Each structure stands twice: as C-alpha cells, then as structure tokens.
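Engineer: Full structure from sequences and hints, please.
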Amino acid sequence: MLYINSSIAISEEEFQCSAMRAQGAGGQHVNKTSSAIHLRFNIRQSSLPEDVKSRLISLRDHRITQEGEILIKSQEYRSQDMNRQAAQERLVALIQQATIVQKPRKATKPSRNSVKRRLDKKTKHSQQKQLRKSLKY
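FYI, in this note's numbering the residues of the sequence shown are 133 to 269.
Calculated from the structure, these hints are not laboratory results.
Be a bit skeptical, because a hint or two may be false.
Stated by the list, open to error - Below are the SDA-like pairs computed for lysine to any residue, each with C-alpha atoms no more than 20 Å apart in a straight line:
1. K265 to T255
2. K185 to G200
3. K205 to D193
4. K268 to S258
5. K205 to F147
6. K205 to H194
7. K241 to D252
8. K164 to Q212
9. K164 to R153
10. K256 to R244
11. K185 to I196
12. K235 to S186
13. K256 to N245
14. K185 to L134
15. K205 to R195
16. K205 to R216
17. K164 to S150
18. K205 to M152
Said to hold, decoys possible - Here are the simulated distance ranges between beta carbons:
19. K254 to E221: 50 to 56 Å
20. D193 to R153: 23 to 29 Å
21. K205 to K256: 57 to 63 Å
Bear in mind the structure is a predicted one, so any value in this text is a computation, not a measurement.
Backbone N, C-alpha and C define an ideal beta-carbon position, used for all residues, glycine too.
Structural biologist: Shown next as structure tokens:
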C-alpha cells in the first residue's frame with residue numbers, strides 16, 4: 133500500500149513497475165543490468181476519489197498523458213529497488229499535490245486613498261518633467 137495522506141491510499145496492484153536498462157554513463161554495469169524503473173499509473177481506473185482524479189488530470193505536468201496515465205521514469209540509482217522506491221515517492225508527491233484544494237481568489241478593489249496617492253504621485257512626476265523641458269522661443 134502507498135499512503136498518500138491519512139484518508140487516501142492506493143494498493144500496489146493499481147500501478148505497474150517495469151525494469152529496463154538505464155541510459156547514460158556507467159560502463160559495463162549499465163549495459164548488463166536493468167536498474168531503471170518505468171512506473172505506470174492509470175488515473176481513471178484508480179481508487180482515488182473523483183475530485184482528486186479530476187484535479188490530477190487537469191494538472192499541467194509532462195508526466196501525465198492525454199489518456200490519463202502517469203508515467204514516471206527513475207534511473208538515478210544503481211539499484212533497482214532504490215529506483216522503484218524513488219518512483220513511488222514521486223507518484224505519492226504528485227497525487228498529494230492534487231489533493232490540495234486551492235482557495236478561490238476574491239477580487240479586490242484598491243482603496244480610495246491608495247488611488248488618490250497614486251494619481252498625486254503621477255501629477256507630481258509629470259510636473260517635474262515639464263519643468264525640465266527646455267523653453268523654445
């Protein structure tokens with residue numbers, strides 16, 4: 133079980149981890165071992181609450197596909213188990229990001245005094261620039 137928060141958890145059957153060879157430098161070791169992990173998680177078929185699913189799908193993240201799947205690749209460690217754990221931690225962090233409900237923004241107006249101060253400052257600046265002008269005869 134992966135615990136997202138106190139009320140949300142997902143079972144290990146809901147996501148698939150597949151091992152593959154890692155990219156980049158590393159010599160012989162990287163050529164013979166499959167230490168990188170590809171994690172796939174289908175948002176629409178998961179047991180997450182509907183509001184969390186919709187927020188997850190609407191997130192602007194490159195790891196979420198058009199079909200509603202999360203694809204996470206982890207290859208930073210030489211160990212397959214550590215890469216699997218890192219990928220699962222990234223999945224949990226992404227889902228936790230979607231559980232946070234944004235407060236709606238309230239539109240506000242500037243106070244009457246602040247508007248007056250701004251306009252007074254503008255007129256003072258304008259007068260200062262007018263005084264700098266050279267006189268033409």
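Engineer: Next step is simple, just say for each hint if it's right about the structure.
Structural biologist: A quick look at each hint next to the structure:
1. K265 to T255: holds, 16 Å
2. K185 to G200: Holds, because 9 Å separates the two Cα atoms, which is no more than 20 Å.
3. K205 to D193: holds, 14 Å
4. K268 to S258: holds, 19 Å
5. K205 to F147: Measuring from Cα to Cα gives roughly 13 Å; hence the hint holds.
6. K205 to H194: Answer holds: K205 to H194 is near 12 Å, not above 20 Å.
7. K241 to D252: holds, 18 Å
8. K164 to Q212: holds, 13 Å
9. K164 to R153: Holds, at about 8 Å.
10. K256 to R244: Measuring from Cα to Cα gives roughly 18 Å; hence the hint holds.
11. K185 to I196: Given that 20 Å is the threshold and the Cα spacing comes to 12 Å, the pair holds.
12. K235 to S186: holds, 16 Å
13. K256 to N245: With Cα atoms ~16 Å apart, K256 and N245 stay inside 20 Å; holds.
14. K185 to L134: Satisfied, since the Cα-Cα distance of roughly 16 Å is no more than 20 Å.
15. K205 to R195: holds, 9 Å
16. K205 to R216: Holds, at about 9 Å.
17. K164 to S150: At roughly 16 Å apart (the allowed maximum being 20 Å), S150 and K164 satisfy the hint.
18. K205 to M152: Within the cut-off at roughly 10 Å; holds.
19. K254 to E221: 50 to 56 Å: Check passed, 53 Å falls within 50 to 56 Å.
20. D193 to R153: 23 to 29 Å: holds, 25 Å
21. K205 to K256: 57 to 63 Å: This hint holds: roughly 59 Å between Cβ atoms.
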